[in-house]
Amino acid sequence: MDIKKQYFELIKARIDDVYVKQNDKISKIAEMFGECMDNFGVVQLFGVKHGEEFVNELNYRAGGIAPFHALRIRDLILKKMVNQADVDSGEVYNDCSLIEKFNEIYDLDDRDMYCLVSFYGNEPTLIEMAKRAKEKGQKVVGVVNRSSYDKCGGKLLDYCDEYLDMDSKDPDIAFDLEGTKVGQTSSTVANVIAQMLTAEIYKYFVDQGKKAPVLLSANIKGADVHNNSLTDPYGRRVR
Amino acid sequence: MINALRFKEEISSLLDVLYESQKDNIEATAQAMKECIEAGGVIHVFGSGHSVGLGIDIKNRVGALVPIHIMEMTDFVTKGGISPEEFTDKKNIFERKPGVANKLYELYDIKPQDIFIVISNSGINGIVIDIADLAKKNGHKVIIITSMKHTLAEEPRHPSGKKLYEFGDIVIDNCGPHGDALLPTDSEAKVCSVSSICNNCIAQAMAARTIELLKADGFELPVLTGDETHDNELRKKYEGRA
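Chains A and B, in that order, are what the protein sequence lines are.
Numbering-wise (the working numbering), the first sequence opens with residue 9 and increments by one.
Numbering-wise (the working numbering), the second sequence opens with residue 909 and increments by one.
Hints listed in this document are in silico derivations from the structure and should not be mistaken for laboratory results.
Keep in mind that this is a model prediction, so the values were computed, not measured.
All C-beta atoms, glycine included, are put in the ideal place defined by N, C-alpha and C.
Treat the hints with caution; some may be incorrect.
[Claimed, not checked] Chain B stretches covered by chain A per the calculated footprint, using a threshold of three residues with CB under 8 Å from any CB of chain A:
| id | segment |
| --- | --- |
| 1 | 1058 to 1067 |
| 2 | 1107 to 1119 |
[To be verified] Capping the alpha-carbon separation at 27 Å, the derived lysine-lysine pairs in DSSO-like fashion look like this:
| id | chain 1 | residue 1 | chain 2 | residue 2 |
| --- | --- | --- | --- | --- |
| 3 | A | LYS13 | B | LYS1011 |
| 4 | A | LYS87 | B | LYS1011 |
| 5 | A | LYS218 | A | LYS57 |
Construct the complete structure from the given sequences, taking the supplied hints into account.
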């Protein structure tokens, strides 16, 4: 089969599989997110490396739910609070004071909860974030790749109320072309999981008899007014 | 009824439509990437907003091509002398600005054999169009990834009156709906966006096909293997370029 076709077929099969294995958890986590948002809380997102793609899929996204906020290392670089070199080397993920730096530049609230995304779930900075949130009684959801997590002895889930498994192979390789490893599926599948979550959060609001705060694409005429009406009540807490 | 199952079913059907309608364009892109790499070139990838995800997805991991260079929006600040205040505006004004793209373009070591992939769902904002225009004017092949449904439904915002797809030697339609969200609700807002998923599938399929073509030519593969010595040498070869 054409390798392009093979990739599309592989993704479709992975999506089917993820749905069967994870649907119950996805709806449970969507309910946790929905309850947090119902209480004027924001779901704070943080992703390690490629985990940031999952974050981007939920944060301020067309067709997405408004009360998410991304904790971004990029913002710390722009404010010169971390070095690009430490980001490139991965050293930044050993920095346990990262959450304090985020606290300085963002408006984090006790009503918020956390969704922490990492393939391995063993980065000190991530574990510290989860620990602190738990100490304050805030809910924490972990998104990890369970097989990678188990292999490296991750600790994140010790501090999580619930977790999702990206359910990817480790290493994440789509094809073996006569000995050459080619391509990946984990990010695409993670994006699908994020959208399934979005659909289930929407459902949570509908089930409560409420209007879901759904954002429009910023590139549609008139979208800015609609989107601002959803995010303005939160001030600096979102976006 | 909107739920995870509904999304799963609709995205699967959309991926079928995407593959069938775009396989020839993806193939043509893989051919162009192969020729570029064999000539010692680099593929520059630029997308604003969420579109940058496509570049990230095919970089820096085992099984990924090295001669891919992501033009980062943050380079405007870290290397291009734009202030963080101007850059991190809350209303997306920056990405709509025409006339600042050359500041980004000039930061990079771009060689004649290089090609460009420019990604934007709406294809109407200033910076993406200017980058595509600059690349074309400098004689580079330009590949556009966009949502034709979205771009055709919106008025152009660029002073030229043009949209991004008009600058493409090859145009790949990610087949996403106008506004990017897939599932209609009972209000005007649709829910669950698809462009990242569709763009990732396009990028992964074309990268895999490129590697297959390079391999068939017997070209030494510039692909990360996870072997540290091999990967470091490879990165060194493209240092400052990718």
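Evaluated hints:
{"no.": "1", "hint": "1058 to 1067", "in the structure": "holds (count 3)"}
{"no.": "2", "hint": "1107 to 1119", "in the structure": "holds (count 9)"}
{"no.": "3", "hint": "A/LYS13 with B/LYS1011", "in the structure": "violated (39 Å)"}
{"no.": "4", "hint": "A/LYS87 with B/LYS1011", "in the structure": "holds (21 Å)"}
{"no.": "5", "hint": "A/LYS218 with A/LYS57", "in the structure": "violated (35 Å)"}
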